[in-house]
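Colleague: So the chains spell out like this:
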Amino acid sequence: MHSKNHPIKPHHHTHITPPYVTAFIAKLLPVAQSVKKTWGVPIAVLIAQDALESAWGQHVKGNAYFGIKGNSQSGGSINFATHEVVGGKTITIHDSFRVYTSLQEAAEGYGEFVPSNPRYAAAFAYSDQPDRFVDIIVAAGYATDPDYAHKLKSIIGAHGLAAYDKAAGPR
Amino acid sequence: MRALPYRLAAAVSLGMLAMPGGATAAAPPLLGQTPLYTRLAHDCRTVDLAHWTHPTRQVLARHGVTLDKLQLCNDDRYPIYTVRFKFDPQGQTTDYFHPLYAKMAKANGYWPFSFVDTTDDLIVDVRPDRRGNVDVDYEQFGPPGPAGADPGGKS
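Line order of the protein sequences matches chains A and B. Mapping of the first sequence onto the numbering used here: position 75 corresponds to residue 75, and the numbering continues sequentially without gaps. Mapping of the second sequence onto the numbering used here: position 96 corresponds to residue 1096, and the numbering continues sequentially without gaps.
Incorrect hints may appear among the rest.
[Unchecked claim] Some chain A residues flagged as far from chain B (calculated, every beta-carbon gap over 12 Å):
id : residue
1  : P30
2  : A81
3  : S96
4  : S102
5  : I137
6  : A140
7  : S154
8  : G169
[To be verified] Where chain B lies over chain A, by a calculated footprint (3+ residues, C-beta under 8 Å):
id : stretch
9  : 16-29
10 : 53-62
These are calculated hints, taken from the structure and not from any lab test. Even glycine gets a Cβ: it sits at the ideal position worked out from N, Cα and C.
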């Protein structure tokens, strides 16, 4: 039987998982399990989402894991600028992203963010089916990238992340 | 206006908000009690959309934004657009919203404005300046309780 606090080794894949990926999953797993218990977000979805947005924790500014806009519960935010050209004029948009003191706090913040938005309410009927959960939140408008759901599900599949939700049992 | 089940409404009245995951969180303020309506905007009047034409309306239409209500506040210098977005402004949607904010800023003559996004219970404050910088900020608001309409007025 798998321990809930250690990564489950994928059984059907021959590629070698980089050590930083294994370490990222191991670090995030306990808080992802706690977030699922508290907020209902599937463990696999939380890990895959963070992996995609932070490149497995390799590219994060200000602990702005998950890339959620606005202010964190503690009021923290970091500004990023993008440039748009409208009618020949360059307009610089300064947008704020939630920052946290740690990866764990960021995961808790993400765990609270998703169910607090009525847009995603239907997904919570599938807390134990990560792929279905992903399809619903993306269809509801979480991302503009038409391949976003596929990217998340690829990460879930490649690293056997759905096994963590199975091991956790139904909510 | 969204009707709330009795237990959820009671939780909101107690300052707690129930989530689909079964947890609770501190409830955000009602729309009428947000900084937008208590500090930023005053003397708001609702515009009759049937007779309203403005360049910003075309920008919203081109981006597929549903405009439900327009209020003009602060001597008609501060518009508040009550809308429904097809995407979550706080999600992985920068490539949709930043061009929208930039085009709205230009169409509005680089004056500040706000969106009240009733799909996400979210206020988006957009503050341009004349040099071409646009600051974006967010405020969450809670759904109105069973006692009646929120004075901020989603409807």
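Colleague: For each hint, tell me whether it holds in the structure or not.
Modeller: Structure-based check of each hint:
1. P30: 17 Å, holds
2. A81: A81 (chain A) is in fact no farther than 12 Å from some Cβ atom of chain B, at 9 Å.
3. S96: 6 Å, violated
4. S102: 19 Å, holds
5. I137: 9 Å, violated
6. A140: 8 Å, violated
7. S154: Fine: 16 Å to the nearest Cβ keeps S154 (chain A) off the interface.
8. G169: 15 Å, holds
9. 16-29: violated (count 0)
10. 53-62: Coverage by chain B is violated for the stretch 53-62 of chain A (1 residues, Cβ < 8 Å).
The structure fails hints 2, 3, 5, 6, 9, 10 (numbered hints given earlier, in ascending order).
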